[in-house]
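Chemist: Residue 226 in the numbering used here sits at position 203 of the sequence shown, with consecutive numbering throughout.
A couple of the hints might just be wrong.
As the list claims (entries may be wrong) - As a list, the in silico SDA-like pairs of lysine to any residue whose alpha-carbon atoms are at most 25 angstroms apart:
| hint | residue 1 | residue 2 |
| --- | --- | --- |
| 1 | LYS37 | TYR427 |
| 2 | LYS215 | GLY269 |
| 3 | LYS366 | ASN263 |
None of these hints come from the bench; they were simulated from the model.
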Amino acid sequence: YFTFDCNPGGCDQKYAANQHICRQYARRNNVKIFDIDSGIGTHIVIDEGIAKPGGTIVSTDSHANILGAIGAFGQGMGDKDIAHAWAYGKIWFKVPSSVKIVLKGKPSPLATPKDVVLRLLKEFGADGLLGYSAEIYGEYVDSLSLDGRITIASMATEMGGIIILFPTNDGVQADSDAIYEKTFEIDISSLKPLISRPGHPEDVVSVTDVKETKVDSGFIGSCTNGRIEDMRSVAKILKNRKIAPGRVLKIVPSTDKIWKKCLDEGLIKIFKDAGALVGSAGCAGCAAGQIGQTGSGEVAVSSGNRNFVGKQGKGDIFLASPATVAASLVAGYVTTEDDTPEKPEAVSVTKFRSFEVKSKEKNEQLPLKVEGRVWVIKKDNIDTDMIFHNRYLSITDLKEMGQYTFNNLEGYKDFAKKAKPGDIIIVGKNFGCGSSRQQAVDCFKSLGINIIIAESFGAIYERNAINSAMPIMVAENILNQINDKDELGIDFKTGEIFDKTQNKKYIGKPLSKSQLDIYLRGGLLT
Numbered sequence: 024y025f026t027f028d029c030n031p032g033g034c035d036q037k038y039a040a041n042q043h044i045c046r047q048y049a050r051r052n053n054v055k056i057f058d059i060d061s062g063i064g065t066h067i068v069i070d071e072g073i074a075k076p077g078g079t080i081v082s083t084d085s086h087a088n089i090l091g092a093i094g095a096f097g098q099g100m101g102d103k104d105i106a107h108a109w110a111y112g113k114i115w116f117k118v119p120s121s122v123k124i125v126l127k128g129k130p131s132p133l134a135t136p137k138d139v140v141l142r143l144l145k146e147f148g149a150d151g152l153l154g155y156s157a158e159i160y161g162e163y164v165d166s167l168s169l170d171g172r173i174t175i176a177s178m179a180t181e182m183g184g185i186i187i188l189f190p191t192n193d194g195v196q197a198d199s200d201a202i203y204e205k206t207f208e209i210d211i212s213s214l215k216p217l218i219s220r221p222g223h224p225e226d227v228v229s230v231t232d233v234k235e236t237k238v239d240s241g242f243i244g245s246c247t248n249g250r251i252e253d254m255r256s257v258a259k260i261l262k263n264r265k266i267a268p269g270r271v272l273k274i275v276p277s278t279d280k281i282w283k284k285c286l287d288e289g290l291i292k293i294f295k296d297a298g299a300l301v302g303s304a305g306c307a308g309c310a311a312g313q314i315g316q317t318g319s320g321e322v323a324v325s326s327g328n329r330n331f332v333g334k335q336g337k338g339d340i341f342l343a344s345p346a347t348v349a350a351s352l353v354a355g356y357v358t359t360e361d362d363t364p365e366k367p368e369a370v371s372v373t374k375f376r377s378f379e380v381k382s383k384e385k386n387e388q389l390p391l392k393v394e395g396r397v398w399v400i401k402k403d404n405i406d407t408d409m410i411f412h413n414r415y416l417s418i419t420d421l422k423e424m425g426q427y428t429f430n431n432l433e434g435y436k437d438f439a440k441k442a443k444p445g446d447i448i449i450v451g452k453n454f455g456c457g458s459s460r461q462q463a464v465d466c467f468k469s470l471g472i473n474i475i476i477a478e479s480f481g482a483i484y485e486r487n488a489i490n491s492a493m494p495i496m497v498a499e500n501i502l503n504q505i506n507d508k509d510e511l512g513i514d515f516k517t518g519e520i521f522d523k524t525q526n527k528k529y530i531g532k533p534l535s536k537s538q539l540d541i542y543l544r545g546g547l548l549t
């Protein structure tokens, strides 16, 4: 089926044209379409009963792992994967290893499921669950509603995980003799509200650490916190209150059914009376297309799941629970639900400093050995917004993509002008984390980059590169051994990395049989 949840309004001609093409295809082929009034696709498949415990769903949404909330397997994939699934009714999977997460204790009454998942993000960082399927257990887990489970499941991607699976009430349980590569016990006793500081979702601190930081705007919604329980918690805070003068609060329920429920329960009136903008159901603030972007110097608090530099415009984005967002927008500064003023008070606030994180034509005879000049980029967790910013998402012509490569990565914004066909890139861990953005792979093909070597890759990025016949290789402990601009020779089949400049040899992980097969075909869809 089709959904248009990232930018349902079709804000420019390319978005509008893409939606029109999908609608025409759906009409011709009798394909179900949940159109621009429906909301977020991953929520729709849960609420409409399309996804069930034990089932499998694939989607271009990098947060398709939200299906773990109901004990189903959901995986975000790139355009080529989904096109192949549509065409052939099947797709390949890299089966992940399993780990177990056990939550110990109960959080404070002020802590929400969003605070719990931020605690997990603080524990695991951006790549602590990289490539893993995690199962989550504990007394707190058992007490969670579906909405709370959705919140936690939705942020597996930000920890590098394939999915976080919740045990269901019945029907789907782990095997009694299940083997886990690792078990993590995490204490959430007396956990209080947390907040993620701008630039990195995993940079999590207590709300009290940044309390009274000035805020300009807020966003409540997304696939992480757009459910009815989130809306009710916000209405509880906003009732008989007003948004602080000069501030903006945007509220977007995740689906049209939830929007209508908000209307029936009087929540929409509370939001509007408080001075909030209520948008139509969809992804909204995360994709920065449906509900608008943040401006330069703007400080925002969001209930979304990502706050990468440039992800939602040029402002600085904090991540927090819907309750913390609502309280902060009433106050005009970061605060918690229990310390929300009835009216904005004259207080001394700290202005958060804005910053940026430094951070063949023919498929025949594709080479299995390549040579070239190397770019050594000593950075971990380079996300897809740093590689190819979302403001260029409407570009679909590969020839146009190269010029925008790394233009959101500090220190490498002129990379596209200096790179030459045949160059090689070596980077650190978790390269390509973030969204399912195909252009973040294709931009390197556009420039003629021979191969990208990393200590590890984001799960979706790895698939996108393989499916696009873009050579990638995993190699550890070479980042500090090879110098920038060295001349290298790479053997795809053996994994040999030969530094001609230093006359040294290293061994990476050879391209797998499936990877080589797809590469030699010129791509998954060739």
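Chemist: Does each hint hold? Answer for all of them.
Modeler: To see whether the hints hold, each was checked on the structure:
With a CA separation close to 18 angstroms, the supplied pair LYS37 and TYR427 stays within the 25 angstroms bound. With a CA separation close to 29 angstroms, the supplied pair LYS215 and GLY269 exceeds the 25 angstroms bound. Between the alpha carbons of LYS366 and ASN263 the distance comes to roughly 10 angstroms, so the proposed pair stays at or under 25 angstroms and holds.
Checked against the numbered hints given earlier, this structure breaks only hint 2.
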